[in-house]
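Protein chains: 2
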Amino acid sequence: MLSEILTEVGSLWIVFVAAVVSIVAAFYIKKGVDKADPGNEQMVIVQGYIKNGADAFIKRQYTTLAYFVAGLSVLVGITYSYDAPTEYIPQVPGWLMVISYILGSVASGWAGWLGMKVGVDANAKTAAAANKEDRDLGMNDAFNVSFYAGCVMGLLVTGAALGGVWALYYFTSNPRVVLGFSFGASSIALFAKAGGGIYTKTADVAADIVGKIEQSLPEDDPRNPAAVADNVGDNVGDIAGMGADLFDSYVASLIATMLLGLNIYGEHTFSAFPLIISAAGLFASLIGIYLIVNAKKEDPNDALNRGTYLATGLFIGTAAIVTVIVQFTSPDAVSATRLWKTYGAAVFGVLCGLVIGITTDYYTDDRKKPTQAIAESSEQGHALNILTGFSYGLMSIGPPVIGIAIAMGVAYALDGVYGVAMASVGMLAIVGTIVSNDAYGPVVDNARGIAEQGGLDEEVIAVCDRLDSAGNTAKAITKGFAIGAAALTVLALLYSFVQSGHEIIPDDEVISLDIQQPGIMIGLILGVAVPCIYSAILIFSVDKNAQIMVKEIRRQFEEEPGILKGEVAADFERCIDIATKGSLKALVIPSLLSIGAPLLVGLFMGIPGLSAFLAGSILSGFVFALLMSNAGGAWDNAKKYIEDGHLGGKGTLAHAASITGDTVGDPFKDTAGPAINTLICVMSLTAEMFITLFGLMPHSGLGFF
Amino acid sequence: MLSEILTEVGSLWIVFVAAVVSIVAAFYIKKGVDKADPGNEQMVIVQGYIKNGADAFIKRQYTTLAYFVAGLSVLVGITYSYDAPTEYIPQVPGWLMVISYILGSVASGWAGWLGMKVGVDANAKTAAAANKEDRDLGMNDAFNVSFYAGCVMGLLVTGAALGGVWALYYFTSNPRVVLGFSFGASSIALFAKAGGGIYTKTADVAADIVGKIEQSLPEDDPRNPAAVADNVGDNVGDIAGMGADLFDSYVASLIATMLLGLNIYGEHTFSAFPLIISAAGLFASLIGIYLIVNAKKEDPNDALNRGTYLATGLFIGTAAIVTVIVQFTSPDAVSATRLWKTYGAAVFGVLCGLVIGITTDYYTDDRKKPTQAIAESSEQGHALNILTGFSYGLMSIGPPVIGIAIAMGVAYALDGVYGVAMASVGMLAIVGTIVSNDAYGPVVDNARGIAEQGGLDEEVIAVCDRLDSAGNTAKAITKGFAIGAAALTVLALLYSFVQSGHEIIPDDEVISLDIQQPGIMIGLILGVAVPCIYSAILIFSVDKNAQIMVKEIRRQFEEEPGILKGEVAADFERCIDIATKGSLKALVIPSLLSIGAPLLVGLFMGIPGLSAFLAGSILSGFVFALLMSNAGGAWDNAKKYIEDGHLGGKGTLAHAASITGDTVGDPFKDTAGPAINTLICVMSLTAEMFITLFGLMPHSGLGFF
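Chains as they are written, first to last, in my numbering: chain A, 14 to 718; chain B, 14 to 718.
Source of the hints: derived by calculation from the structure; they are not laboratory data.
Wrong hints could be hidden among the right ones.
Unchecked claim - Each computed PhoX-like pair below joins lysine-lysine, with the alpha-carbon atoms no more than 25 Å apart:
#, chain 1, residue 1, chain 2, residue 2
1, B, Lys64, B, Lys48
2, A, Lys557, B, Lys382
3, B, Lys594, B, Lys557
4, A, Lys557, B, Lys578
5, A, Lys382, B, Lys564
6, A, Lys578, A, Lys663
7, B, Lys225, B, Lys578
8, A, Lys578, A, Lys594
9, B, Lys225, A, Lys557
10, A, Lys564, B, Lys48
11, A, Lys382, B, Lys557
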C-alpha cells in the first residue's frame, strides 16, 4: 500500500499520516478537557443554558444548510453531467462531484460542530480551573483547559481538511475532484461565519446597549436577559464560525495550488506538493502546541504569541525536510531547483503572514499609540472616538497592502503564479496554531461570563480577564494572518480560474484581462462594490436584530422589576430565540448574493468579465476586511484600556464614548469583516465550479461587451 | 479672424463665445449681488469677521500655493526640456508647458477667489433679504441673492476653464499644451479642496462638540468662540474648495478627451469636439439659470432641482445644435455617424449623471427610508446611529456603480474609449448649474448663522432654515454628479495615459495591462490603498485640529464666564487662527502623497504598473467617495429630521445620538469624501504630465517585476 502511494504521487503518505495524527491528537486532548472539573452548581446551570442555546442554533443552522447543500448538489450534478462541447468537462462525472461536494460540507460541519462542543464544555471548566487558592496555579490550569479546547478545534479543522483532500486526491488522482470538497466547505463557511457572526453580535450589541449603557450592569451580569445569548454567540460565531472560515480558506488555498500545479507543470508532484507542505505545517503546529502547554506560563499573552512564532520557525524546518523527501522520492523527473524555489515561496508566505499579523497587532494593541489615541479622543465625546478609530482603521490598510504586494512580487519572481499560490499555502500551513489561538479567545471570554454568573470571587474574574486580554492580542496576529492568507488564496483561485478558462476555449484564442477593455473595467468596478453591499447587509441584520432584542430586554425589565433586583431570573430563552431566528433569516440574501452574483456575471460577461469581477472583489474585500477588523479591534481595546482605569476609568464621558466605539466595532470586526473573506472565497469557488457554463458565452470578446 | 478659426479647427468659435458670455454674465450677476442690502449693524460686524477670516485664509493658502506651484514649475520645465530618446517628447517646449501650468493655476485660483468673495458678501445680504414683513417676498428675494451668488461662482468657473483651454488650444493647436493648464488647476484644487475641507470641518466639529453638546448652545450662537470660524469654513471649504474641485474635473475631462480624440482619430475635429459640447452645456446652464430666477418660487427645493433637470434637457438640444454646426463646418472629412455617436455618448453621460444624482438623493433625503431609519435607530443610542448610517452609506454604493458600469458599457459601444471620455464631458457639461447649486448651499447656511448672530426674528431664521434645507437636497444631486463625473474623467485620463504610453515605446511593443501579470495586480492593490490612507490623513487632521480648538473654546468659557452669559464677546480670532494654521500644516503630507506616489510607482514599475496603480485608485476612490459623502449626508439630514420635532425632537437621546452621527459625517462628506476626487484626478494628471520619465523604465515587462 505504502509503496503504491509512493509510486503514484510521491510522498503523499506524509499527508495521510499528518491528518491521522492530527485527529488522534484532537481526540486525545479532548479527553483531557472532558475530565476537567465542571464547577459549582450555578455554573453548571449557566453552562447548561449556553450548551442548549448553542445546540439549538447549530441544529437549526445545519437543517437549513442541508436544504441549501441539497439544492446546490442538484446544480452541481447537472452541470457536471452536462454534455458540453469541449473535452474538458467530462473529466469529473456528476455523481463524483456531488459526493465530493457533500463530503466537503460534512467534513467542515463535523469539525466545526465537534470543535464547538468541546469549546462550549470548556467555558465553565476554564472558570472552574481558575477558581483556586493559588492564583498562579489557577491561571496556569485555566490557560491549559481553554488552550486545549482551542487546540481541539485547530487540530480537527486541519485534520479533517487535510484528510478529506488527501482521500479524494489519492483515490482519483484528479485535483478537480477536490474542487467539489472545497466548494462544500465554502457552503458551510458561508452559513457558519455570516450566521454565527450575526448571532453573536446581535446579542452582544443588545446586551451592551440596555445592560451596560442604560442600566449600568457589568459585562455578563446574570440579570441581563441577553447574557446567555451573548455567551452562546461567542461559541457559535467566534468558535464554530471562525473554524469553518479557516477550514474554507485552507482547503481553497490547497485546491487552487493543486489545480495550478497540474495545469502549469503537468506533473502530479506539483499538485501533491502543496498538500505535503501543509502536512509539514501541521507537524510544526503540533510541536508548537506541545511545547506551549508544557512550558511555564508567566504571561498567557507571551505564551500564545510564542506559539505562533514557534510554529512559524518550526514550519521552515519541517517544510525543508519534506521538500528533501519529495525531491528524492518523486516518480516525476522534477527539477530540484524548481522544488526549492516553490519551498521558498511557501516560507516567504508564512513570514509575510507574520509581518501582517504583527502590524495588525500594532494597530489594536492598547500599549501602542493608535489604541491609546482612540482612548484619548474619547474624552472629547462619541464622535471623535468614532472618527479616530475609523481613521486608524483606514491607516492600518497600508502595511498589509505593502506586505501582500511584496509577497506577491517575490513569490511570482520565484515561481510564477504557482509561486503566488504556494505563498498562500505557506501562510495557511500553520492554520492549526491559528485556529487554536483564535478558539481560545471566546472560551476564556465565556469563562469570565460564567465566573460572573456563577458568583465566583472578583479575583477569579480578574484571572479570567487577564486570560481574555491575552486572547485578544493573540487574535490580532492570527486575524492578520487570516486576512492576508484569504487575499492570496483567492488570488490563487483567480489565477487557477483563468488557467481553467484557457482549457475550455479553442486553442487559438487567448483570454485577455487587460483593463483597457471596458468589459474588464466594468467587471472590476462591479466586483469592487460587492463586498460593500455584502457588509452592509450583514451590519443591517445585526442592527435590526439588536433593536428587536433591545426592545425585548427593556420589556422584561419593565414588566418584571424583580429581574433587575436579582430576585427573579431573566427569561434568557426569548433572547436566544430572537438571535437564532433573526440570524438564520438574515442569511438568505447574502447567500444568494455570494452564489448568484458570480453566476450572473459569468453568464452575462463570460470568463474574462467574471475574472475581472473576482479581482475587483478581492481588491475591495481585502481593504474592507482590514479596515473593519482593525478598527473594531482597536475600539474594543480602547474601551478596555479606559476600563483598566486610564483617563478616569469607568463612568466618565470617555468611557461612554469608548463603549459606543466598541459597539460600532462589534459587527465590524466579528460579523462583516471576517465574513468578507468567506464571501470572496465562495464567489471564486463558484466561478471555478461552474466554469463550463460560462464557456458557453463568447469569451474572446467580453461577453456582451 | 473668425474664418481663420473656422478653417483651422472647425467650430471652435462657439467655445470662445461661450467663455466670454459666461464671464460677462458672471460680472453682470455680481453687480446685482453687490447692490443688495447688507443688513443691520450687528450683521455687518459679523460679516466683517467672516470676510477677514476668509481673506486671511485665502491669502495664506495662496502664498503657500505660490511656492508649491513654483517648485512644480521647475520640475515641469526640466522634464519637458529633457532631451529624451523618443520623438514624442519635443512636442511641447518646457517654457510653454510652464506657462500653461501657471496659467491653469492662476485661472482656477482667480475664479475660486472671486467666486468666494461674492459668496462671502452674499452671506449677510441673503439674511437681510429674508428679513421682510412679507415672508413670501423675503423667501423669494433671499433665494435670489444666494442663488445669484452661487451662479457667479458657477459661471466664473466654467468661463475661466473653457476660456483658458480655448486660448491654449487655439494658439498652439496642440492638446498636450492644455495638459499643463489642467495640471495647474489640479494643483489649486489639491490645496483648496483638502485645505478648505479640513478648515471647515475643524471649526464645525469643534463648535458642535463644545457648543451644542456640552453647553447646549444653538447652532451659530454668537457666544460660541468657534461660530465665526465655522462660517469662514463654509466659505473657504464649501465654496472656494468645491469650485476648485469642479474646475479641476471639468478641465481634466476636456483634456483627456482632447488627447484621445487626436491620438485615436488624428483629426482636430475630435479634439475640438469636447470643447464645443461643453460650450453647448454652458449655454444650457445659462438658459436654465435665467428661467429659474425669473420663475415664481413656491418651493426653493423644487426650484433648484428644476434648474438641474432644465439644464440637462436643454443640453440635449444645444448639444445637438452644435453637433450639426460641427458636421457642416468641420474642415476635416469627419464621418457624420461617428459625430452623432459621440454626441450620443455625451448625452448618455449627462443622463447617467442625473440617475446617479437621484439615487444619491434617495439615500440622503429625510423624506425617504434610509435617513428616517437612521433617525429611528438613534433612539437606541449613538452606536446604532453610526452603524445604520454607515450601512446605508455602503448600500448607496450599489446604484451608482451600476450606473457607471452601464454608462461605460454604452459609451464604449458607441465610440470606444473616446466615447467613455465623451460621457464624462457630457456629465460635466452642465457644471455651471452644478457649481451654482453647490455654492448656493453654504451661502444660505451662513445667512442663517448671520441672522442668528445679528439678532433677527425667529421667523427670518426659519426662512433661512428652509432655504438651507433646499440647499442640502440640491447638493445631494449635484454631489452624485460630481462623483460620477470624476470617476469617468479619471477613467478617460487613464485611457489617455495608456494611449500616450503607446507613443513613447518602440513600435513593436504593446502595453499590456492584463491583471494576470503580477505587476498589474500589485499596481492595482497599491492603488486601492491610496485613497484609504489619504482619507485617513485628512480625517486625522480634522480630528486633531478640532481637539485643539475644543480645548481653546473650553479655555475661553472657563477663563471668562461672561462669554456664556452673552456679556463679553468671545475671542473669534483665536479659533480662526487655529483653523487656518492647522489646515495648511495638515496639507503637507497629502500633497506629497498625491504627487509623489504616482511618480514613485511610475519610476519603479513603469507605465503598465502605474496604469494599474491609477486604475486601483479609481476603483477604491469611487467607492470611498460615495460611502463617505452619502453616509455623511444622511447623518446630517437624520439630525435635522429629529431637530424638526420627529421622534421627540431636541434634547432626547435620539437627538444626542444624531449629533454624534452628524459630527462623524462632517469630515466624511465635506473633507475626505470630496477630496478623494481631487486626489485621483491629481494622480492621473501627474502620471500624464511626467510620462516621459517613466518611459525610461522597462515597459514591456512590468518595471521591476
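Status of each hint after checking the structure:
With a CA separation close to 17 Å, the supplied pair B:Lys64 and B:Lys48 stays within the 25 Å bound. At roughly 14 Å between alpha-carbon atoms, A:Lys557 and B:Lys382 fall within 25 Å of each other, so this suggested pair holds. Pair hint B:Lys594 plus B:Lys557 holds up; C-alpha atoms about 12 Å apart against a cutoff of 25 Å. Simply put, A:Lys557 and B:Lys578 have alpha-carbon atoms about 44 Å apart, too far for the 25 Å limit, and the pair is violated.
Pair hint A:Lys382 plus B:Lys564 holds up; C-alpha atoms about 21 Å apart against a cutoff of 25 Å. Under the criterion of a C-alpha separation no larger than 25 Å, the hint pairing A:Lys578 with A:Lys663 is consistent with the structure, at around 22 Å. Simply put, B:Lys225 and B:Lys578 have alpha-carbon atoms about 15 Å apart, close enough for the 25 Å limit, and the pair holds. Between the alpha carbons of A:Lys578 and A:Lys594 the distance comes to roughly 29 Å, so the proposed pair goes past 25 Å and is violated.
The hinted pair formed by B:Lys225 and A:Lys557 fails the criterion: a straight-line CA distance of about 29 Å is larger than 25 Å. For the hint pairing A:Lys564 with B:Lys48, the CA-to-CA distance comes to about 58 Å; that exceeds 25 Å, so the pair is violated. With a C-alpha separation of about 14 Å, the suggested pair A:Lys382 and B:Lys557 falls inside the 25 Å cut-off, and the hint holds.
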